[in-house]
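Each protein sequence line maps, in turn, to chains A and B. So for the first sequence, our numbering puts the first residue at 5; every next one is plus one. So for the second sequence, our numbering puts the first residue at 14; every next one is plus one.
Hints are not guaranteed to be accurate.
Derived contacts from chain B toward chain A, CB cut-off under 10 Å, selection only [stated by the list, open to error]:
hint, residue
1, Glu81
2, Asp85
3, Val89
4, Met105
5, Gln106
6, Glu128
7, Pro147
8, Ala185
9, Ser194
Facing chain B, a subset of chain A residues (Cβ under 10 Å, in silico) [unchecked claim]:
hint, residue
10, Arg32
11, Gln109
12, Phe115
13, Glu118
14, Ala204
15, Pro206
16, Val220
17, Gly235
18, Leu236
19, Gly238
Source of the hints: derived by calculation from the structure; they are not laboratory data. Where a beta carbon is used, it is the ideal one built from N, C-alpha and C, also for glycine.
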Amino acid sequence: MEAIEAWFLAFYRDTGINLTIIYDGFDRARFLEGVGNTVLLSMVCLVCSVLIGIVGAWMQGSPRAWVRWLAQVYVQFFRNTPPLVQLYFFFFGLGPLFVITVEQQVGQMTFAREMPLLTSFHWAVISLSLFAGAFNVEIFRSGIEAVPRATVEAADALGMSRLQIYGNVVLPLAFRICLPALNNNLVNLVKTTTLAYAIAVPELLYQSNQIWSDSVNVPEMMVVLLFLYVGLVGVLVTGMQRWERAMRLPGFGQ
Amino acid sequence: MRSLLAGTAAVALTAAGFVAPLLASAEAQADIMDEIQERGVIRVGVKADYPPYGFLDEDGNIVGIEPELAQDVADVLGVELELIPVVSSNRMQFLEQGRIDLMIATMTDRMDRREVVYAVEPNYYSSGTNVLAPAEAGLTEWEALDGLPVCGIQGAFYNRRTEEDFGADIVAFTGTAEALSALQQGSCIAFVYDDSFIVSRLGEEDWADYEMPLPTIDDAPWAIAVALGEERFNRFMSGMIFDWHLSGRILALESEFGVDNTPFAERMHETFVDINPSIER
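Bound-form chain A, shown alone (with noise of 0.2 Å):
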């Protein structure tokens, strides 16, 4: 490691190229945290998304009005704003409504002092799988409506419920349908999570940030910036492909 390090500081040197990430242990371990928490947030995110997009689809499918009402009324107010207000929003607008008192402890005293319940972490991953979440009952909403009635109507006669046409029948057949749609989005909400430094996620833009404003390496640390999210992309959009090779439907386009 020493060796390494020693080689990226001579590096430096020689060419102007200051990698501070590689030579410099504080650095390094800050950036580390940010890709962590980059890879952290955007896996939580694609969870809960697909998860809202789900119930979301199901929902717009409802019997009931107010349900069906419901839902558009989400997707409209998530999906027709941007998300870096919506993130705000979250923080700043919803946080101070949530508090608990904690007694804090300063040095030798404590003082009991009200805190957010809820980190900005916490308000990154809610504001940005509702955001991508809203896309994701579209893109559902068009696979839905994609599978042909008369499947429907089958598994209708065979005295399946609502729940179980949705859950064995429509939603695989659907899924399958718009994998490429929901790809898309996918890899939107991965690029989407560098908005949450705006409200002091420590994750990769945030700490590059600041490591390119002690070590005045700018240039630097956009590329390696770039080629990290090229990266994380790429291993993103591999595995999707895979899956959709995987969940083809034989006879169905592709």
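Since chain A is already given, all that's left is putting chain B on it; use the hints.
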């Protein structure tokens, strides 16, 4: 034939369009002072979220001590002033890219920054680092921040020291409004920032229950900056800063904007006056 001619003309125009800015920028690199005169406007990067040094008034105009200094520069050059709001994490890039001609934006003068921009001598101001914290927290020493969440501003150089030396968990926001809001909401126990900024806030009613309890660290001079290579403009600005210190302009601006005169500004004024005390100024 007609369309062929039109196509050729379009290509030629496009090529000219590419070349012209290149030529212009080559000239610009020769001297920014000529360019400012030609343009009739000087673009100065200042802070817009940092009262009383640079902030927005009720009409949305950028005002403060630094915009006043920028106006002085424009007046001496005989050009119009255009103020461009910058933040800590983009101010040097703005200068490098030529989006501003001059930066008067509360920038602490450090060696590594001098590799990227010209820091004009002498320094025009100075401040150190302290925290704004609720009085009931009873902070007395920096070490007490160990393990506690402390709000900060993205790009500030002392974030790292507050984390590394004192063990605080920095929660950094993009602007002071967000960080102060987070402090009031209890997301953090203190807000680490320039003491000059904190002093100006303590006078406000919103912050009556807060204090600036720690000894100021890293008291460091601020530098006005011009782009690397702008020798003539650099020396011109040296003259401006010298005059501000000698004439007591900075002390007067501090009083005008309700800040106690800082030891640095007083010292600089005395130093230059004392060079020849027999002259009545």
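Hints, one by one, checked against the model:
{"no.": "1", "hint": "Glu81", "in the structure": "violated, 27 Å"}
{"no.": "2", "hint": "Asp85", "in the structure": "violated, 29 Å"}
{"no.": "3", "hint": "Val89", "in the structure": "violated, 30 Å"}
{"no.": "4", "hint": "Met105", "in the structure": "holds, 7 Å"}
{"no.": "5", "hint": "Gln106", "in the structure": "holds, 6 Å"}
{"no.": "6", "hint": "Glu128", "in the structure": "holds, 7 Å"}
{"no.": "7", "hint": "Pro147", "in the structure": "holds, 7 Å"}
{"no.": "8", "hint": "Ala185", "in the structure": "holds, 6 Å"}
{"no.": "9", "hint": "Ser194", "in the structure": "holds, 6 Å"}
{"no.": "10", "hint": "Arg32", "in the structure": "violated, 13 Å"}
{"no.": "11", "hint": "Gln109", "in the structure": "holds, 9 Å"}
{"no.": "12", "hint": "Phe115", "in the structure": "holds, 5 Å"}
{"no.": "13", "hint": "Glu118", "in the structure": "holds, 5 Å"}
{"no.": "14", "hint": "Ala204", "in the structure": "holds, 5 Å"}
{"no.": "15", "hint": "Pro206", "in the structure": "holds, 8 Å"}
{"no.": "16", "hint": "Val220", "in the structure": "holds, 5 Å"}
{"no.": "17", "hint": "Gly235", "in the structure": "violated, 24 Å"}
{"no.": "18", "hint": "Leu236", "in the structure": "violated, 22 Å"}
{"no.": "19", "hint": "Gly238", "in the structure": "violated, 28 Å"}
In terms of the numbered hints stated before, the structure departs from hints 1, 2, 3, 10, 17, 18 and 19, listed from lowest to highest.
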